[in-house]
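Protein chains in written order, with numbering that gives the first Met the number 0: chain A, 0 to 367; chain B, 0 to 367; chain C, 0 to 367; chain D, 0 to 367.
Think of the hints as simulated: they come from the structure by calculation, not from any bench.
Only a predicted model underlies this, so the values are computations on that prediction, with no experimental measurement involved.
Possibly wrong hints are sitting among the right ones.
Copies of the same chain are indistinguishable here, so a pair counts whether it falls within one copy or spans any two.
25 Å max Cα-Cα, derived SDA-like pairs, lysine to any residue [said to hold, decoys possible]: (1) K184 to T358; (2) K209 to P273; (3) K137 to D68; (4) K209 to T301; (5) K209 to G300; (6) K209 to Q55; (7) K209 to V299; (8) K137 to D82; (9) K137 to R124; (10) K209 to P298; (11) K184 to D272; (12) K184 to L95; (13) K184 to V207; (14) K137 to R18; (15) K137 to Q102; (16) K137 to L104; (17) K184 to R106; (18) K209 to A133; (19) K209 to P92; (20) K209 to Y224; (21) K209 to P62; (22) K209 to I60; (23) K137 to L180; (24) K209 to A81; (25) K209 to L95.
There are 4 protein chains.
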Amino acid sequence: MDSSNPSVLTGMASSRTARVAVIGASGYGGLQTLRLLHGHHGLAVTYLGGERSAGQRWSSICPFLPLPDDPFVQTVDPERIADAADFAVLSLPNGLSSQLTPQLLQRGVRVVDLSADFRYRSLDRWSQVYVQEAQNLKRQDADLCRDAVYGLPEWHGPAIAGAALVAAPGCFPTASLLPLLPFLKQGLIETDGIIVDAKTGTSGGGRVPKQSMLLAEASEAIAPYGVVGHRHTSEIEQMAEEVAGHTVQLQFTPHLVPMVRGLLSTVYARLRDPGLTAEDCTTVLQAVYRHHPCIEVLPVGTYPATKWVRHTNKAMLSVQVDTRTGQLVLMSAIDNLVKGQAGQGVQCLNLMAGFDPETGLPLQAFYP
Amino acid sequence: MDSSNPSVLTGMASSRTARVAVIGASGYGGLQTLRLLHGHHGLAVTYLGGERSAGQRWSSICPFLPLPDDPFVQTVDPERIADAADFAVLSLPNGLSSQLTPQLLQRGVRVVDLSADFRYRSLDRWSQVYVQEAQNLKRQDADLCRDAVYGLPEWHGPAIAGAALVAAPGCFPTASLLPLLPFLKQGLIETDGIIVDAKTGTSGGGRVPKQSMLLAEASEAIAPYGVVGHRHTSEIEQMAEEVAGHTVQLQFTPHLVPMVRGLLSTVYARLRDPGLTAEDCTTVLQAVYRHHPCIEVLPVGTYPATKWVRHTNKAMLSVQVDTRTGQLVLMSAIDNLVKGQAGQGVQCLNLMAGFDPETGLPLQAFYP
Amino acid sequence: MDSSNPSVLTGMASSRTARVAVIGASGYGGLQTLRLLHGHHGLAVTYLGGERSAGQRWSSICPFLPLPDDPFVQTVDPERIADAADFAVLSLPNGLSSQLTPQLLQRGVRVVDLSADFRYRSLDRWSQVYVQEAQNLKRQDADLCRDAVYGLPEWHGPAIAGAALVAAPGCFPTASLLPLLPFLKQGLIETDGIIVDAKTGTSGGGRVPKQSMLLAEASEAIAPYGVVGHRHTSEIEQMAEEVAGHTVQLQFTPHLVPMVRGLLSTVYARLRDPGLTAEDCTTVLQAVYRHHPCIEVLPVGTYPATKWVRHTNKAMLSVQVDTRTGQLVLMSAIDNLVKGQAGQGVQCLNLMAGFDPETGLPLQAFYP
Amino acid sequence: MDSSNPSVLTGMASSRTARVAVIGASGYGGLQTLRLLHGHHGLAVTYLGGERSAGQRWSSICPFLPLPDDPFVQTVDPERIADAADFAVLSLPNGLSSQLTPQLLQRGVRVVDLSADFRYRSLDRWSQVYVQEAQNLKRQDADLCRDAVYGLPEWHGPAIAGAALVAAPGCFPTASLLPLLPFLKQGLIETDGIIVDAKTGTSGGGRVPKQSMLLAEASEAIAPYGVVGHRHTSEIEQMAEEVAGHTVQLQFTPHLVPMVRGLLSTVYARLRDPGLTAEDCTTVLQAVYRHHPCIEVLPVGTYPATKWVRHTNKAMLSVQVDTRTGQLVLMSAIDNLVKGQAGQGVQCLNLMAGFDPETGLPLQAFYP
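Chain A on its own, in the form it takes in the complex (with noise of 0.2 Å):
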């Protein structure tokens, strides 16, 4: 239960407990992974870290989410969080976290890294791909992005496991892959012309303040943004070619919605075969999922809502077929800011400490 292990938060960690550091606390993934940890029978957070934050009592920036003891947010500093724990999960800018994971790495700390620094295999890529994070850091850790594991846990399990640093996937490119991988394996389905037409809610953007997403511009409106090469792209594609084998181009445009959290994936591709069938497809998804308990596959003719999987790691698929067409239809929900994000990186957490994947992690919705 939510309020029965206060103490795993208070850095009186039990001898099976393994130690978690959080940088970037106060932040939208900082915040969901010690919500997330709270309660964790198996991992405790001992290290809060953020730089605006360093210094202040942990009520006096979040009074919504009291932790015991209220313990101060401190600096990031690399010496005295590997004094501290044994895990860090890093919740940073995009290219921040290039300059700080080498020397967790160092000091023996394994990481879980949310921000995009080590989700592409070449440091190459990732510098044309992520341009002006590229020229202010001339980063020089292409060893690293090669060794590091992405981690989507229902593909990438056992390397997870093992894995001294892991990249958390963007919450896109998670909702998009998880229906799209078994299709592109099997090799159901062509590899041109595959559409993703996706929405999400605006805690996508994160918690610095912008204009865009002031409740009073973001409500009662939906808009298209980023069409046309927004990055997620590349990390969709560069995990569906390793997956199919050969190269894959798709159509990504992401849409803002205007509600807090969730995520939902509409992914178009043509049958190979015209002769499946919905119940086929969801045959497909059903066999490659059936003991991963965050995925759940929908019966044919059931269509996920994000509010389905509000504040839990799990994500919701289901198929249609068009035999008009030959489309193959793939709706995935999830929510941005949990297997999108800080769930997914408690879910490696888990792999990589030593416990099934689903532990401490919620499962279950409250509806409406």
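Following the hints, complete the assembly by docking chains B, C and D onto the known chain A.
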């Protein structure tokens, strides 16, 4: 101005004013029509008809929309409608309109129907799509279906002006066809594999209470519905084929968005000529819609938010091209209750009554 | 953890587990109760009852809340409920509960009723307030009304623990009484002229569709309703008078807020001693609620947002004093469906079954 | 109609058209003023001034509000403003207006100021309430404060018509004073113990990004703020005292509501004569506001929703009386950015320029 001519709703219409009956007054379609005609200098509402609300004072039903002299809602009596009005706007459930329309036409009342009853040129086609309604009704008005004009003013203006019966298009078809038709007409895109991913506010579900449209259910959620085979698919295809000159097959998926009004259609199609740029394609749209004040083509890189057209009769269109994939991405935002329903109905009425199509229609949104 | 004990919902309850019937399972009260009992280590749902949904698979009604073994909803049969359960939570429309409750009590089932039927110690009082229900029902269970315990655990804990029948308080009374009672008990405020200005999300209106609760109607609006004479006025006064020891008259005005969950009560009262400060009054609350984990008293100057308690069984209280006017301002935020309804019901169940009151109840919100 | 006179915004104002400068054009106050003046037949915007946005094309800042000829935003230069305009509407942060206003007045430009700088008759009072601004500015314009007219048109119409400088009231004072003043003027209520519990949408927080106004933070929540001592308390009291003829002390508590626009004020006061009914009190309001088209007094039992006045310059008032407690409950709904800000500014401009006060102002909402 809104308040400048209160007399036009009182029934004391001047000789130059056309008289309009609004039937189905207390649903969203009727309400919007009344609101839009309020202050119109050339169209006066002279008959308020409704079944459920007949006999009631208007103010007791809709205290938020005061009408001059606070009229009673009347029963739907063709004879009395014909005495009172030159035109009728029908905002009735699918099927009911086909019962009333012939009686009005016989009495010389010209009709704008907001339902789907006369949107198909072929009664057979309608019966295939609206199966349940067809079973209940046994319609035998194939001739009316054939003669009715599909009320998309930017494409059928002259026909609408001369029509006795206009079928106002559905909200999704309106938003989807406006950006798509110019490319189909000029043969610039492939006519198969078109994807229409559409998003609508909940007012599209009407004013009759449904569980799924409760704020508690629909808020903080986005979800697909009617995946594969939604009725508007065939309506879009019919008009697309008429303009393209041959068969068009498209994939249409609507999504419910937690907002009251607004409809965004994101359309994906493959360009035939891979050399076309976003600027070229924007020019294509601008050339077609230059003299249509209800259509605004945005510059390349500016994407429409539904809020920008809320409460207006405008469609805002934007184009992007992915030269890497050869995909054309069309975006189109409307207010589903105005340009997507009642506003388009009034636009048709304007043409039928000899006014400029945009007469009396708001084209500038309030923001935020 | 949420997923740690899936067996408790399967009916295979262990010897130490109390068996619970949930009647009215598909409304919001029933849904919340099921969700809260999911994963409870000491209370197992062993009977799902409902009228409208009887005979249906649970997953066909609520695909978003998977239950182990996907049970059928059963009819409301007192005999079979008594066979299957030690406790029953009734989430039924006002009036219906008074018909079922005696039959359950006779069969030894202890009842937590979420309706208003047993909230008044006097049946006459109930009949005056719930006039319409009283006319339809001709209740003759004045003794049950007298013996039922008003289920506010922080004030009636021991009585609840021993009760056969507990009437869970209304959402507005819960939020309003929690901050008010300590001041009434200690005689610190005038007992006339108290103003309770309350604000609730729309889920308080229930799951049965109503026009006023449609997203299209309730969104982007705040409005008062039930001004003067709302039924919860008398419920608040009854409990206030019991604690104050004499007559209390207050003005209660609810408002509908465009959000799903959450209830904020802002209470105004005149201090008897003009020298009391906000710190003094905060101390008063802290002293009373120190050992009650479901109540959190915020420091002076921190005001509760309903989001801070969403999906939790917590009430967050805050006090401010205006030394210029002598007014005490009390603020109280709860989740109307949890601490304001089903969570409070489970809190009562916990006491009745011998557990700590907060057992299995979430006390930490997800934010944002 | 909205689109009927596009020339009035082009600067080619006719001889009978008054010329208006809008300063602070890209904030919400400026945006609303521009939108409201769009289509006004007697007031033409001839100068767009802004600090941050100076030098930019209007369409690059606000693509959603196209202006004729797409003007450049200009610097705030008193000389050039005076050349171009007869009137200026200032929508600037508190404090800045007091620097610009004297320079405009000296050059013969009549000013409507939307800030709080000139709302107090006494500069000392202002300095006590706006402490921080006062420290930074060292204002010495006590005479201007004394001569400025408080721009509540229904109460100060003739003074506004003749004024050189009008201070448009705050949003909360507008909503609260309109229902309260008639009862204070006629001595029908006690002047102590008045409670004003107010609720506002987030656009009241302005367009400059703040964390607390992000959709992710403000959505799905209601919370009080500024409890005891909010600046609008003294502004309401000043005007209340002027009308009552003696001291008025009231308790004002604002709440943030998850919606864009709308402000509801619920006001509680004790009736002096316990025999007055809700009908009597409604008659009191109707008598006062009979000839004021921007005020609508609702029948007893109909309570205003803010949505009913959204995007309009209307205030909807309703009264209820609790004969049991002797309390008067006043409810008042406005659009905080229109009647609560820019619309009231235009109403004042109308009077100053010799038009009817409601000229060009929308009075009928779109619903839903």
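Which numbered hints turn out to be false for this structure? Result: hints 1, 2, 3, 8, 12, 13, 14, 17, 23 and 24 break, sorted rising.
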